[in-house]
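Engineer: In case you want the letters, here they are:
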Amino acid sequence: MLYTDHEVIETMQMVASESLDIRTVTLGVSLLDAPTKEPLALARFVYDKIMRRAERLKDVVRQIEGRYGIPIVNVRISVTPMSLVCDGLAEGDYLRLAAALDKAADALGIDYIAGYSALVHKGATPGDVRHMQSIPEVLASTRRVCASVNVATTRAGINMDAVRLMGTVIKSTAEATRDRHGIGCAKLVVFANAVEDNPFVAGAFHGVGEPDTVVNVGVSGPGVVLAAIKRLRAENPSADCGALAECIKRTSFKITRAGELIGRQVVERLGPPVRFGIVDLSLAPSPVIGDSIANILEALGLERVGAPGTTAALAMVIDAVKKGGMMATSSVGGLSGAFIPVSEDLGMIDAVRHGALTLEKLEAMTSVCSVGLDMVGLPGDTSAETLSAIIADEMAIGVINHKTIGVRLLPVPGAQVGDLVDYGGLLGQVPIMPVNTMRPDAFIHLGGRIPAPVTSVKN
Amino acid sequence: MKRLITEQDLERLGKGATFQVEPQMIVTPSARDFAAQHQITLAYASGRAGQTEESALDRAIKDIVASELGRSDPALVEAVRAELAHVGVASAEPPTDLTPVAGPIPVPLPRDPGGNRAVITATGINRTGILGRLTTAVSKLGGDIQDVSQTIVAGYFTMILVVELGEARRTTFDAFRAEVLGACKELGLQGVVMHEDVLKAMHRV
Chain A
1177 MLYTDHEVIE
1187 TMQMVASESL
1197 DIRTVTLGVS
1207 LLDAPTKEPL
1217 ALARFVYDKI
1227 MRRAERLKDV
1237 VRQIEGRYGI
1247 PIVNVRISVT
1257 PMSLVCDGLA
1267 EGDYLRLAAA
1277 LDKAADALGI
1287 DYIAGYSALV
1297 HKGATPGDVR
1307 HMQSIPEVLA
1317 STRRVCASVN
1327 VATTRAGINM
1337 DAVRLMGTVI
1347 KSTAEATRDR
1357 HGIGCAKLVV
1367 FANAVEDNPF
1377 VAGAFHGVGE
1387 PDTVVNVGVS
1397 GPGVVLAAIK
1407 RLRAENPSAD
1417 CGALAECIKR
1427 TSFKITRAGE
1437 LIGRQVVERL
1447 GPPVRFGIVD
1457 LSLAPSPVIG
1467 DSIANILEAL
1477 GLERVGAPGT
1487 TAALAMVIDA
1497 VKKGGMMATS
1507 SVGGLSGAFI
1517 PVSEDLGMID
1527 AVRHGALTLE
1537 KLEAMTSVCS
1547 VGLDMVGLPG
1557 DTSAETLSAI
1567 IADEMAIGVI
1577 NHKTIGVRLL
1587 PVPGAQVGDL
1597 VDYGGLLGQV
1607 PIMPVNTMRP
1617 DAFIHLGGRI
1627 PAPVTSVKN
Chain B
15 MKRLITEQDL
25 ERLGKGATFQ
35 VEPQMIVTPS
45 ARDFAAQHQI
55 TLAYASGRAG
65 QTEESALDRA
75 IKDIVASELG
85 RSDPALVEAV
95 RAELAHVGVA
105 SAEPPTDLTP
115 VAGPIPVPLP
125 RDPGGNRAVI
135 TATGINRTGI
145 LGRLTTAVSK
155 LGGDIQDVSQ
165 TIVAGYFTMI
175 LVVELGEARR
185 TTFDAFRAEV
195 LGACKELGLQ
205 GVVMHEDVLK
215 AMHRV
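If you read the sequences in order, they're chains A and B.
Position in the first sequence counted from 1, then plus 1176, gives you the working numbering.
Position in the second sequence counted from 1, then plus 14, gives you the working numbering.
Don't read these hints as lab results, they were simulated from the structure.
Below are the EDC-like pairs computed for lysine to aspartate or glutamate, each with C-alpha atoms no more than 20 Å apart in a straight line:
no., chain 1, residue 1, chain 2, residue 2
1, A, Lys1406, A, Glu1183
2, B, Lys76, A, Asp1235
3, A, Lys1234, B, Asp188
4, A, Lys1234, B, Asp77
5, B, Lys199, B, Asp188
6, A, Lys1234, A, Glu1444
7, A, Lys1425, A, Glu1411
8, A, Lys1279, A, Asp1224
9, A, Lys1234, B, Asp87
10, A, Lys1225, A, Asp1282
11, B, Lys29, B, Asp47
12, A, Lys1234, A, Asp1287
13, A, Lys1279, A, Glu1231
14, B, Lys154, B, Asp188
15, B, Lys214, A, Glu1444
16, A, Lys1225, A, Asp1235
17, A, Lys1234, A, Asp1224
18, B, Lys214, A, Asp1181
19, A, Lys1279, A, Asp1269
20, B, Lys154, B, Glu200
21, B, Lys214, A, Glu1241
22, B, Lys154, B, Glu25
23, B, Lys214, B, Asp161
24, B, Lys214, A, Glu1183
Every value quoted in this text rests on a predicted model; they were computed, and no experiment measured them.
Chain A extracted, bound-state conformation (with noise of 0.2 Å):
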C-alpha cells in the first residue's frame, strides 16, 4: 500500500468529522503604488487595484477546495494600511476611500476587507489621528471593512494617547452602528506588535515591508487536536502531559502540511506577481460544536475553561502546536496563537455563561499564547477610559512579552451583565462579560508614551 490503511483513514476522519479546514485564505495588495494623492482618482486605483489582484481569487480557492477536499471557509483581503494611503487627504476623503475598499469586497463577493489601519505606536501624525477619528463613521457606512490601529511595540513603547484615543472611537463606533448591536466594534482591532503577514481578518493588514501581492493562509483545526487529545486519552488513560504535548505537535505537524499544501496551490493558479507568504499557525474555532479551543482545553482535564490551570494548559497546547507547524513549514508568520474570540467559541460561551471564566482570566490567558482579548462583550455602560484602561493593560503583557496581542471590544450599548447578544453567523453570540468598576479615568488622561521596556534593546 503506497499509505497505511491508518494514515489514510486518520485524514478521512480530520475532513469527514474532526472539522479540518484551511480557515483563511487572505490576499495581501499592496496600494503604496498608487500614482496619485487626488481624492477621486486615488479611490478608482484603490477599487481598480483590488479588482485586478483578486479577480480570480475565489474561483482559484474553489477549486483547489475541489481539488483537495478540505474546506477553506473564509476567503479575504488585506491591504496597506489605509492611513498611509490617504496621508494628507481631507477628512471626508477617508470615507471615499474606505467606500472603495467596501465596493471592491462587495463585487468580489468577499465578506470581510481589512486595512483601514494606522501604525501610531510611537506617535501618530495628523494624517493617522484624522484616520483614527474617521473609524466610526466608516465603520457604520460600510459592511465589509476591518479597521485596525497598532497602538505598541516592544521597540517604541505604549503610545497612550493613541490607546486615550481608541477607547473614545470604541465607544463612538459602538453607538454609530447601535441599531446592530455596535456590530462595528467587531470589525476594530487595536494591537501591540502588530505583524505585516497576519491573515486574519478583523486584524489583518499588508505591511509595508511585503511584496506586492502575496497569499497568506491561516490554518486551524481546533476539531482535529481535540479528536488526537480525545483518541490518545482513550487508548492510553495514563498518558500524561509530555505525551499529549507530543500528541498535539504530531496533529498540528498535518494540519500546518495541507495548510501550506492548500497555500501554494492557489498561488501557483493565481501566477505572478501573486506570492506566497506565510502559514499562521493559529488555533481559531468556529462556532461550529468540537471546534472549540476551550474543549480543548476540558478535554485536558479542566471542569471547564477558566478553572485554575487553565493559562498552564492553553501555554502547553499552543507552544505544541507551533513546534509542530513549525517543522511542517518554513513560512511560520502572523499571530501564530491562540485565538479566542469568544463570541465564536461555544466552550468558550459556556464558559462565561457559568461564570468559569471571567475577563481577568482571559487576560491571564493572553500573557501565554492567546492572541489577545477577542470578541469580548461588556457592558454598554462601560466607559471609555475603562475600555482604554483595558488595552492599556494587554498592550503592556504584549510589549513585555515581545507579543503580538490584539483587543477587540464591544460594549454593546443597552447591554447588561448576562445578557447574550446575538450577531449571527460566523461572529457568533456574545455573553456580556462583567468589568472591575473601579475607574482607571485618572491614569488614562496622564497620556504621553510608556517608555519601551528594558528588554527592548537587544544590541
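Given chain A, work out where chain B should sit, using these hints.
Structural biologist: Relative to chain A, chain B alone:
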C-alpha cells in the same frame, strides 16, 4: 445522464457488426479498442445539425480550458477550436465520444503539478461483490486502480483505493469525485475522495 458504452456492451455483438452510437452515449476507450479489434463499426448517429456538434465540442473545450486555467477565457477557447479545426479534428468525429482527439491538444495549457492520484475510502456494511462493483465504477470513469486495501474501522467495513487519474484532461478532479461519490451512494457506502497530494503532504516528510 449519458449512457456509458463499455466493452461488455460490445461483447454481445458479433464480429463485423455495427453499433449505433446515440448522442447521449459515451464510448469508453477500452470499448473503442475492443471494437477495433473485433471489426465492430461504431456508427455515429447521423442527421445531427453541424450546429449541435459544434456546440458540444465548444462545451468540451470550454470545460477543459476552465479546468486548466481556472477561469473561462473565450479567446483561448476560440484559439483551441481554430487549432482543432486546422488539424481536422472538429470534423473527424462527433464529439459526444469524449476520447482523446488526435493526440495532445496543440495549445500549451498549464498542467497540474505533480501526480494526479485520488485516494478513495468507502465505508459501509460488507456485502458480497461490493468491492468489485466499486472498482468497476471507478474503472468506468477512466481511473486506473493502483492499490486496494480493506480494513475494519469502528466496526465498519472500509475499502481504500488508490487511483491514478492519469492525464485525465477530460475530467476535473471535482467531477471525478462527484461521480465516485455517486457510485458509492448507489452501493450504500459512505465515500470520501481525496487528492493524493494531501496525504503526501501530511504523512510524508
